[in-house]
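**Student:** Residue numbers 344 to 803, in this note's numbering, belong to the letters of the sequence shown in order.
Incorrect hints may have been included.
The calculated SDA-like cross-link candidates involving lysine to any residue, where the alpha carbons are at most 20 Å apart (straight line), are [unchecked claim]:
(1) Lys794 to Asn727
(2) Lys603 to Arg588
(3) Lys506 to Asn467
(4) Lys761 to Ser786
(5) Lys767 to Ile756
(6) Lys506 to Asn488
(7) Lys755 to Ser733
(8) Lys767 to Leu713
Label-pair restraints from in silico Cβ distances [said to hold, decoys possible]:
(9) Ser733 to Thr768: 54 to 64 Å
(10) Asn727 to Gly456: 44 to 54 Å
(11) Ala472 to Gly548: 22 to 32 Å
Rather than coming from a laboratory, the hints here were simulated on the basis of the structure. This one's a predicted model, so the numbers in the text were calculated from it and none came from an experiment. Even glycine gets a Cβ: it sits at the ideal position worked out from N, Cα and C.
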Amino acid sequence: MGNLKKYFSFLLVLLLLSNVTSVSAAEPIQEIRDLIKEYYIEDVPASVLSKPTAKEITEHLDPYSVYMSAQEFDRFTNGIEQQLVGVGIVLDEDPKGVKIISVIEGGPADRAGLKAGDIIIGANGTSLAGQSVQYAVSIITGAANTSVTLQYISVDTNEKVTKSLTREIIRIPNVEYKMLGGDIGYIRFHSFSQEATEDITNAIGKLPGAKGWIFDLRNNGGGYVSTAQEVAGLFPNVTNAFQLRYKSQQPEVYAALPQKVKFTNPTHILINEYSASASEMVAVSVKEQNGASLYGQTSYGKGSMQSLFPLSDNGMLKLTTARFFSPKGIPVHEVGVTPNIETAEGEELVTSHRDQLIAKHSTYQKLPALKDVPVTKTFTVQMNLQMDWSKLNAADVQLIQLGGTEVAVDVKIADDYKMTITPKTHLQSKGKYLLMIHPNWTSKSAKQMQKGIYLEVTVK
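Make the full structure from the sequences, and use the hints.
**Tutor:** Structure follows, in structure tokens:
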């Protein structure tokens with residue numbers, strides 16, 4: 344069993360690729376049988392191992408164990424590295440076909456209206472029920488500028504829908520970043536590729552002055568185990584990355600790999616039901632060691648690790664060889680990772696950003712929220728003392744779109760008791776905002792304001 348570690352291990356990320364061929368007829372079947380007997384996570388009956396083809400054998404294993412030809416493997420690794428030609432969807436197995444885990448923004452599937460949770464049941468007239476992702480990929484994908492007709496069950500209506508999509512090159516930045524209002528650094532991370540940690544540290548360096556961090560793992564389907572160890576090492580207090588349990592072996596805890604650049608507290612991680620594999624490794628580890636707070640919904644629950652075994656025909660056998668757990672042994676497989684703060688779907692970023700801002704100003708007084716305000720809203724602030732408004736600076740009034748940036752405002756003094764705050768642009772319909780007034784001003788009697796104030800705003 345110790346020889347297993349000489350093989351390259353990774354967590355499965357299922358990205359829809361192009362030009363994947365069917366399995367070669369000349370499969371090294373005895374090699375495949377021997378590897379399964381020695382390394383597969385569970386014992387496999389002889390009646391299964393005696394079957395004549397790799398497909399017939401692996402279809403009796405878990406959904407993540409599969410034989411890949413050399414070309415299939417090349418497309419598979421390109422998927423982890425975010426080098427894609429296809430329709431722009433991330434997939435996983437489902438009894439009815441293949442389930443969409445996420446949709447690449449701006450890609451053919453996104454433009455056609457496909458969503459995470461949709462289940463593709465057929466492609467070009469071929470049923471995908473009970474098939475592996477690799478098989479589905481071979482049917483769905485093809486050369487750029489060619490078309491594919493997909494039949495799927497809509498997650499919204501539970502009805503069958505048929506649409507034709509044109510395949511194209513999908514360019515995906517693996518790491519996206521920006522500074523949110525109130526100096527909160529936001530990093531969205533799509534795949535645990537080999538260069539991902541460097542991309543994340545570069546993003547951290549390009550957001551100087553961040554007073555808090557939001558690390559977005561929503562819809563991240565996984566990637567390489569070594570990258571998960573590195574990413575875990577980006578968080579304060581995190582010394583261990585995960586625990587692995589191989590067949591017939593004692594559990595082994597793997598250390599987080601410390602990085603020169605780290606997130607600083609407070610840090611939040613966003614997860615959802617499509618955060619899987621390596622994403623769950625990092626989430627459960629960081630949660631357990633208090634490196635960050637998790638926001639969102641319970642994650643996907645793929646707590647298994649696959650290893651790659653090169654074969655004599657230049658193909659690869661991908662086998663589930665271990666289950667992973669939190670460093671202290673909390674299971675992930677088929678149960679997922681629960682967040683510290685559960686939010687409604689789509690509210691993860693807004694809630695996290697709000698909590699970061701409020702935590703930064705914990706002494707401020709909370710005023711009653713304003714709901715269903717018009718997009719042209721002007722805010723009126725009424726004080727109970729005569730104010731010396733001359734000491735008020737424009738920077739003392741902040742209107743921040745939650746999940747976004749600060750909104751420029753005009754501040755006007757109506758009289759000694761009242762001022763108005765008017766956004767320079769229309770507010771976003773259905774948007775959520777935080778209005779803050781910082782205590783850097785005094786009353787006419789020279790009384791310094793002791794507390795700032797804030798209130799939440801929801802737009803019609």
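**Student:** Taking the hints in turn, state whether each one holds.
**Tutor:** Structure-based check of each hint:
1. Lys794 to Asn727: holds (14 Å)
2. Lys603 to Arg588: violated (29 Å)
3. Lys506 to Asn467: Holds. Lysine 506 to asparagine 467 sits at ~10 Å (cutoff 20 Å).
4. Lys761 to Ser786: Distance ~12 Å between lysine 761 and serine 786 Cα, so the pair holds.
5. Lys767 to Ile756: holds (16 Å)
6. Lys506 to Asn488: The hint holds at about 16 Å.
7. Lys755 to Ser733: Distance of about 11 Å is within 20 Å: holds.
8. Lys767 to Leu713: Given pair lysine 767, leucine 713 holds - Cα atoms ~19 Å apart, limit 20 Å.
9. Ser733 to Thr768: 54 to 64 Å: violated (27 Å)
10. Asn727 to Gly456: 44 to 54 Å: Distance hint for asparagine 727, glycine 456 holds at roughly 53 Å.
11. Ala472 to Gly548: 22 to 32 Å: At 48 Å between Cβs, range violated.
In this structure, the earlier hints numbered 2, 9, 11 are contradicted, and the remaining ones agree with it.
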